[in-house]
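Take these sequences, add in the hints, and give me the full structure.
Chains A and B are the protein sequences, given in the same order. Take the first sequence: its letter number 43 is residue 43 in the UniProt record's numbering, and every next letter is one higher. Take the second sequence: its letter number 152 is residue 152 in the UniProt record's numbering, and every next letter is one higher.
The calculated lysine-lysine pairs, modelled on DSBU-like cross-linking and capped at a C-alpha distance of 35 Å, are:
(1) A/K383 <-> A/K466
(2) A/K392 <-> A/K466
(3) A/K410 <-> A/K360
(4) A/K299 <-> A/K312
(5) A/K465 <-> A/K171
(6) B/K61 <-> A/K142
(7) A/K312 <-> A/K352
(8) A/K166 <-> A/K126
(9) A/K465 <-> A/K498
(10) A/K171 <-> A/K142
(11) A/K67 <-> B/K61
(12) B/K61 <-> A/K410
(13) A/K240 <-> B/K61
(14) A/K198 <-> A/K142
(15) A/K140 <-> B/K61
Some chain A residues judged to face chain B by a derived CB distance under 8 Å, without partners named:
(16) L147
(17) N211
(18) D214
(19) F239
(20) P401
Computed from the model, here is a short list of chain B residues facing chain A with C-beta under 8 Å:
(21) G32
(22) V37
(23) A38
(24) V82
(25) Q90
(26) R94
(27) V152
(28) A164
(29) R259
Treat the hints as calculated values from the structure; they're not laboratory data. All figures in this text were calculated on a predicted structure; none of them were measured in a lab. Ideal Cβ placement from N, Cα and C applies to all residues, glycine included.
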Amino acid sequence: MSLRRPRVLVSVVGFSLLAGCSAGSSSEESSSATAAPSSGGGGAQGPSNDPISIGLVAEPASLDFTKNDGAAIPQAELGNIYETLVKQDQDGKIVPGLATRWTVSPDRKTYTFDLPANATFSTGAKVTGADVAYSIDQVKTKWTIGLKAKMDPVSAVDATSPTQVKVTLSKPSNSWLFDMTTRVGAIFPKSGGDLANKPVGSGPYTFTRWNRGDSIVLTRNDKYWGQKPHFKTVTLKYFKDPTALNNALLSGTIDVVSTLQAPEALSQFPTSKYQVIEGTTNGEVVLSMNNSRAPFTDKRVRQAVRYAIDHKGLIDTCWAGKGQQIGSMVPPTDPWYEDLTKVTPYDQAKAKSLLQQAGKVGATVRLRLPNLPYATACGPVVKSMLEQVGLKVKIDTLEFPAAWLTTVFKNADYDMSIIAHVEPRDLPTVFGDPTYYTRYNNPQLEPLLAAADQGSETDQVTNMKKAARLLADDAAADFLFLLPNLMVADKGITGLPKNAITEGFDLAALGRS
Amino acid sequence: MILRLLSRLAVLVASLAVSTMVVFGFMVVLPGSPARVALGVNASDASVAQLEQEFGLDRPKGVQYLDWVGGLLRFDLGRSYVSRAEIAPQIADRLQVTLWLVVTSTVLALVIAVPLGVLMAVRHRRASGVLLSALSQVGVAVPAFLAGVLLVALFSVRLGWLPANGWTPPVEDPAMFLEQLVLPVLSLGLVQGAVLARYVRSAVLDVMREDYIRTARAKGLRPMRALVRHGLRNAAIPVVTVLGLQLATLLVGAVVIERVFVIPGLGSGLLDAVANRDLILVQDIVMLLVTAVLIVNFVVDLLYLVIDPRLRSVR
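If you want it as structure tokens, here you go:
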């Protein structure tokens with residue numbers, strides 16, 4: 001499992017369509033999965049000349065996600081300019097994307113994807129098996145970002161026909177198929193091109209222009225092979241200042257606030273004019289404890305921290321009561337979610353006695369926060385809760401990303417930190433590698449993760465559940481809450497997703513009633 | 001006179017040279033690697049090293065410095081580490097935006113400050129003068145960003161007369177450009193104008209106490225006429241000094257207003273570049289700002305000579 005960098009609230013947003021699919025866990029057959037060709041969008045009203053303007057918080061640093069790691073790049077491009085063979089629906093289930101169907105061999109090492117005959121890139125060239133083979137090969141050979149390792153399981157790709165491609169893995173991997181729903185699965189034309197300035201894909205929108213420091217403009221791809229989206233032009237407008245973002249909606253400059261950065265700002269939007277979307281994300285706000293450093297080498301101290309935190313009170317105080325308690329490293333949209341908040345319920349007496357047993361009453365720990373809204377808001381609350389049970393907490397704040405990444409993430413020079421891990425299905429990433437910044441090293445975890453990755457879908461669910469419980473029991477970290485998906489939009493906008501769980505912001509689904 | 005000019009010019013060039021070293025030095029000690037930020041921290045050390053090599057960051061610092069300064073002298077600002085795009089056009093775009101903001105708000109400040117300051121001085125013993133003076137004190141006390149937030153709350157959110165934020169280049173849509181320019185220019189201009197008006201007031205007050213004004217009055221000139229004819233030029237020296245300082249502050253300081261109004265100017269470009277550790281872009285922008293500030297100071301020095309002939313003979 002490759003390592004990934006955590007992304008933060010400002011880069012969370014990713015949407016898939018609001019389709020009414022079956023809820024909850026994946027029930028697809030292990031040998032094959034097929035479904036009706038996907039429309040790629042739910043623009044129910046059909047194409048119009050309407051424009052829409054969407055306010056977002058993090059501007060991409062580049063348009064080329066093969067060479068730059070920022071989450072804002074796939075947010076704008078994935079599912080809009082580029083398509084993936086498979087994608088994730090609102091419930092976290094893997095459904096057909098560019099591929100109309102796929103089958104898995106009995107040994108779970110060969111995947112065969114069928115492509116639609118009428119799919120074209122926005123240049124007019126047909127999407128063929130050779131383009132898919134090229135795209136997968138590029139990840140392995142030309143991509144430079146750390147995420148390229150997601151393609152490591154692939155040992156061979158063959159375009160068996162213009163509309164079929166066969167991918168062979170060196171060992172079975174459920175996470176590989178899931179990762180194909182993310183940016184590493186994006187399909188590029190094999191003719192190549194200037195990804196940083198003129199991205200070309202097969203998606204429902206084409207890139208028009210980028211006004212640096214301000215906005216990216218996309219135009220509907222009228223040659224799109226699937227259902228054409230409603231809005232002709234989409235302006236993605238970027239705001240660094242949350243007040244400016246909210247004001248832009250209030251004064252009618254934009255139609256949607258994609259992420260409300262401060263939940264307490266909700267009250268300024270009258271319900272007569274605006275709708276509020278509230279759902280979940282993949283962003284687990286983790287109170288990480290450096291498992292390789294005293295006092296957190298002692299499980300009792302880690303447990304004491306978990307018992308000491310009143311999660312409900314914390315969410316109410318620092319995040320305006322929005323956000324869900326999770327108890328482990330699994331969001332409710334993953335098939336293996338279960339409520340683990342009762343493993344270590346809020347209990348100050350228990351926390352005190354555990355600290356006493358460990359002989360760590362009065363120990364000083366350093367809480368190194370990134371300068372991100374949720375971290376700076378919740379850090380002092382955590383400090384006060386831990387001090388009530390007898391720990392001494394020193395807070396220092398580091399600039400995010402550069403300083404925090406180097407100090408906490410790369411060098412693990414910290415005792416505790418608070419960061420939202422917004423990657424989908426990132427439990428193995430964050431806790432499965434002892435060199436990761438959490439420095440969590442539990443030999444019981446690795447076999448569970450391996451069995452989950454290589455077994456059937458049912459095995460995957462069973463083993464991931466065990467892994468999540470193990471983390472809670474062992475107090476590998478504390479899970480403060482799950483970041484809410486909070487959007488505000490003009491009342492007439494339709495197709496906004498309840499849950500923001502994919503890397504791309506699906507614009508094709510949007511409409512206006 | 002020529003000698004004085006030349007010495008000023010020499011100071012300008014020397015300051016620029018020293019600035020390049022200071023700016024580059026800061027980049028060297030700034031923690032965090034641009035390659036690591038670009039690739040994500042979990043990129044392997046090998047790929048980080050490869051990208052650093054591509055950027056030329058593995059070369060000795062001295063070579064990097066000379067390479068950069070050499071480029072500057074040829075007006076070659078290099079390529080951004082992050083977006084891989086040429087830097088010069090990016091900076092040109094942003095500079096244009098910032099200049100619109102700075103120049104129009106400075107003009108507004110002058111238009112407000114000169115008449116208001118003179119009026120406050122002339123009437124400093126009367127109720128109207130005191131009232132104006134008090135008002136200008138309030139203007140001095142309010143920071144520009146607060147003025148911005150308040151103006152947006154009133155004119156955009158409540159009344160809906162003007163857009164709350166955004167920027168449209170004048171060639172694209174002149175009407176929109178003007179609409180979006182009004183509030184940021186007002187926030188900067190009103191505050192700067194209030195500050196400047198205080199200086200105009202005190203400079204004019206000083207001048208009015210001078211002997212030559214009394215002489216002019218004794219000749220029979222009315223107070224305003226005496227002031228305009230003999231006083232203003234003398235009062236201009238301190239005002240020009242402050243104006244130069246304000247211009248320099250605005251070039252960099254407009255960043256706060258750029259954030260409030262979501263304007264893609266130089267200051268917000270600088271902040272983004274620092275966050276991305278796009279060091280070469282940071283260096284280029286900072287050098288541009290330093291150069292602009294030094295040139296403003298140089299021009300202010302020249303203006304002294306224009307305004308006050310007596311200074312021309314002094315070495």
